[in-house]
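Engineer: In case you want the letters, here they are:
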Amino acid sequence: DVKVTQSSRYLVKRTGEKVFLECVQDMDHENMFWYRQDPGLGLRLIYFSYDVKMKEKGDIPEGYSVSREKKERFSLILESASTNQTSMYLCASSRQVYYEQYFGPGTRLTVT
Amino acid sequence: GENVEQHPSTLSVQEGDSAVIKCTYSDSASNYFPWYKQELGKRPQLIIDIRSNVGEKKDQRIAVTLNKTAKHFSLHITETQPEDSAVYFCAASISFQKLVFGTGTRLLVSP
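Residue numbers (our numbering), protein chains in the order written: chain S, 19 to 130; chain E, -12 to 98.
Chain E on its own, in the form it takes in the complex:
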């Protein structure tokens, strides 16, 4: 089945820096790639997603890029702020509803 690897497991940046989280997937049939953010003690929430017919998508300070050939996708956060501190999960969809999640990246933004 599908396998999603996510790196790094932890990431510390200074406020205002950029942060990049990378994921790779194993099955070339995957065609939907969402990113979820989970703040401490809260439920995961979707922040951005991309489908396989698109190479890049942006929403204000966050962007996701997809390289289907290499089977990897990345989350980019620019001008990081302390409220960006959270655990971020990537996921890939191989079947019509099922998501396979990565293991998560804990992002810490220091003021």
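Excised from the complex, chain S in its bound form:
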């Protein structure tokens, strides 16, 4: 079974803090993704990576950065958290092209 795990299920941070969200997959998938999920807005892609040390901007990259130093791990970084970044963050991974994306359980981040 594919397993995608995220470092925290719930996280509360203060405005201006630097926040790290980590995602690990155990299936040797090439692609990894970070989405945020908000009611009525669906899943919006923040960043994705198709190889170690490679990254591509998604549809809403502003205020976020990512790091992929190892194939199995993809980190999302909020350099200075703001209240409008309060959301559910979902990580996903997949093999190469047009393959199923497997999602992690999500991290519900609250920024106060």
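These are calculated hints, taken from the structure and not from any lab test. It is possible that some hints are incorrect.
With a cut-off of at most 20 Å between alpha-carbon atoms, the simulated SDA-like pairs for lysine to any residue come out as follows [what the hints assert, rightly or not]:
| no. | chain 1 | residue 1 | chain 2 | residue 2 |
| --- | --- | --- | --- | --- |
| 1 | E | K29 | S | Q24 |
| 2 | S | K89 | S | T23 |
| 3 | S | K21 | E | K58 |
| 4 | E | K29 | S | L29 |
| 5 | E | K58 | E | Y19 |
| 6 | E | K58 | E | V7 |
| 7 | E | K29 | S | R27 |
| 8 | E | K85 | S | S85 |
| 9 | S | K89 | S | S25 |
| 10 | S | K73 | E | K85 |
| 11 | E | K29 | S | T128 |
| 12 | E | K85 | S | S93 |
Guided by the hints, dock chain E onto chain S, whose structure is given.
Structural biologist: This is chain E only, laid out in the frame that chain S set:
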């Protein structure tokens, strides 16, 4: 960039009825269209997908149809059951890995 619109936002049916969820996409270059199901409190999971060289695909009670000319695709669920209650997301792929998701449809199946 690609834009995916999904309707309706909520859908209530009686057990045993059929349910249809529709999506439209903007970029004719899109060629991969998956559907994900997210049960309450759980992660999204792929339930069916279709590629642009196919007009229809079925898997037991679910089917997806694609009309490339009109740039729309639909999810059909027959003989709905309470366990079909969930949020369903359509998506379209314009580049080789990136998916653009619709805003989701909350399906409620009443016994």
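Engineer: Take the hints in turn and mark each one as holding or not.
Structural biologist: So, going through the hints one by one against the coordinates:
no.	hint	result
1	E:K29 to S:Q24	13 Å, holds
2	S:K89 to S:T23	14 Å, holds
3	S:K21 to E:K58	34 Å, violated
4	E:K29 to S:L29	17 Å, holds
5	E:K58 to E:Y19	12 Å, holds
6	E:K58 to E:V7	16 Å, holds
7	E:K29 to S:R27	12 Å, holds
8	E:K85 to S:S85	18 Å, holds
9	S:K89 to S:S25	16 Å, holds
10	S:K73 to E:K85	12 Å, holds
11	E:K29 to S:T128	19 Å, holds
12	E:K85 to S:S93	18 Å, holds
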